[in-house]
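Asker: Here are the chains, one letter per residue:
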Amino acid sequence: MKKIKTFILMLSLLTFTIVGFSAPTYAYNATKAVKYADTYVSNPNSAYRKFTFDCTNFVSQIMHAGGLNMNGNWYYNGRNDYSRTWTIADDLKNYLKNNYGATRLSDGWTKNGTYHGSIWLYPYINNSSNIPTSGDVVIFYDWEDDGIIDHASYCVGTGYATSETTLYGDLINQHTKERVRELWHLDKFNTHRATTAIYAFRL
Amino acid sequence: MTKLLNSRLFVAILVVACLSFVLAFSVAANDIPESNQQDLAEIIECVTTAEELVLAVGVTPDFMLDNNIDCSTEIEEYESSQKSQINRVYSEDMASQIILQYDNNMDAVINQNATTNTTSEDAVATSPLDITIDSGIMDFSANNSIINPPYAKITADFVAWDIRILEENNKFNVYMTMSNVIRSFELSNENGNWRITQASDTNQIFAPDDYEYQKGTFATFEEALAFAKTLDPETNNPF
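Residue numbers (numbering that gives the first Met the number 0), protein chains in the order written: chain H, 0 to 202; chain Z, 0 to 238.
Worth double-checking, as some hints may not be accurate.
[To be verified] Here's a subset of chain H near chain Z, in silico, CB distances under 8 Å, partners left out:
1) ASN125
2) GLU143
3) ASP145
4) ILE147
5) ASP149
6) HIS150
7) THR157
8) TYR159
9) LYS176
Calculated from the structure, these hints are not laboratory results.
Even for Gly, the Cβ is constructed at its ideal location relative to N, Cα and C.
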C-alpha cells in the first residue's frame, strides 16, 4: 500500500513538473494586440524608439500589448536598452519558436493557393485549409530563402486589402515601410517574391 | 580699414571653408586605398550581377514571350548561361541554393508559358496568368566597404524593380514593383575572382504610399505585353 502511495505521489510530482515547466503559460489577448497594431501602425507609439528598420520592434510592441510578458531574453527597457530578440526578425522568430512553442502555420510558403474567381490568389495564411486567421499570428519573411529571416509583420484579421479593395484575405500591419491591412504575403510590393519564403507562427 | 580687414577675413574664412569641404569629400572618396580600387570595382560587378541573377529567378525570358514555337534549345542555353553566372559570383554552397530556387521557378515559368501560348479562353480556364517579364537593379551604391584580400565586406544599397503582368477579373494588369534594398555581403577572392560567401541583413523598403504599382489595364495579354515593354524603370523610380 505504501509503495502504491509513493508511486502515485511520484507520478503526481512528475506530471506537475512536466505541465508546469514544459512551456510558459500565458493568456494572450488577440483583440488587444490587434487594437495596438491598428492604433500605432501609422502613428508610432512615442513610448518606444523608432528604428530605421522598425518591423520587428513594432511586432514586439504588438505582442507585448497582447499580453506577452517581457523577460531577460525579450525586453525593451529604453532607447538604448533592448534585446536583439525585440528588434531583429531572425532572433524574434527563434525566440518564439524555442520559448513559446508557437504553432507554425505555413512552412516555406509556396504558390499553391487556390484561385477564387474575382478574389486574388493565396488569400489565407494557412493555404492548405483556406481558413481565415485570427489576430494572434506573427509572420516572418525570408526574402531570398537563405535561412535568415529579414522581415516581420502581424496579422490583424481578415478582410479587404487597403491598397485594392477587391483583394480579400488575411491582412497584416507592418512597419518599414508602414503598411495598413494589406494581404499577408505582400506579394504585390515585393520585388523578391519568387525567392521569398514565409513562415507564420500562431501565439 | 576695418571694412577691408573684415572683407579679407571673410574671404579667408570662405577659402578655408571651401578647402575643408573639398578635403572632406576627397577623404570620403578615398576611404578605399588606391591599391584596392580595382578590387572594389570587381566586387561591385560581382554583387550587382549576383543581385540581378536573384531578381531574374522566376522571370520569363524574352524569347519565350515572343513566339509560339518550341524554344527548348533556347531555354537550355539560357538556363546554362544563368547557372554559369551564378556559379561565378557565388560560393559553392550559395550557388547550389540559388540554382535550386532557379530550377523550381523555371518549371513554373515554362508551365506558365505553355498557358500563355494558348487561346485566351483556354488560359482563363486553366489558371490566371501571373508572369514577370523583366527585372533589374539601379541606383547602386556601396557602403561600409572593407577590402582586405582575400576577404571583403560590403553593404549594397540599390533599387530593385520588376515588371509583371497579372490576369485579374479577366483583364491583364501591368505592374511595376519597386523596392529599395540594403544588403550586406561577405566575399572571398579565389584564384583572382571575387565570390560571395555570405549575404545577410537584407532590408527591403517598399515603395512610398503614393507610388502607383499598377501601370495599365488591357483586354488581351498581347496588348499588356506590348505596353509592359515600353515601361522605363528610371522614370518610374519613386526613391
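Asker: So, for every hint listed, does it hold in this structure?
Answerer: Structure-based check of each hint:
| no. | hint | verdict |
| --- | --- | --- |
| 1 | ASN125 | violated (21 Å) |
| 2 | GLU143 | holds (6 Å) |
| 3 | ASP145 | holds (7 Å) |
| 4 | ILE147 | holds (6 Å) |
| 5 | ASP149 | holds (4 Å) |
| 6 | HIS150 | holds (7 Å) |
| 7 | THR157 | violated (20 Å) |
| 8 | TYR159 | violated (14 Å) |
| 9 | LYS176 | holds (4 Å) |
Checked against the numbered hints above, the structure violates hints 1, 7 and 8; every other hint is satisfied.
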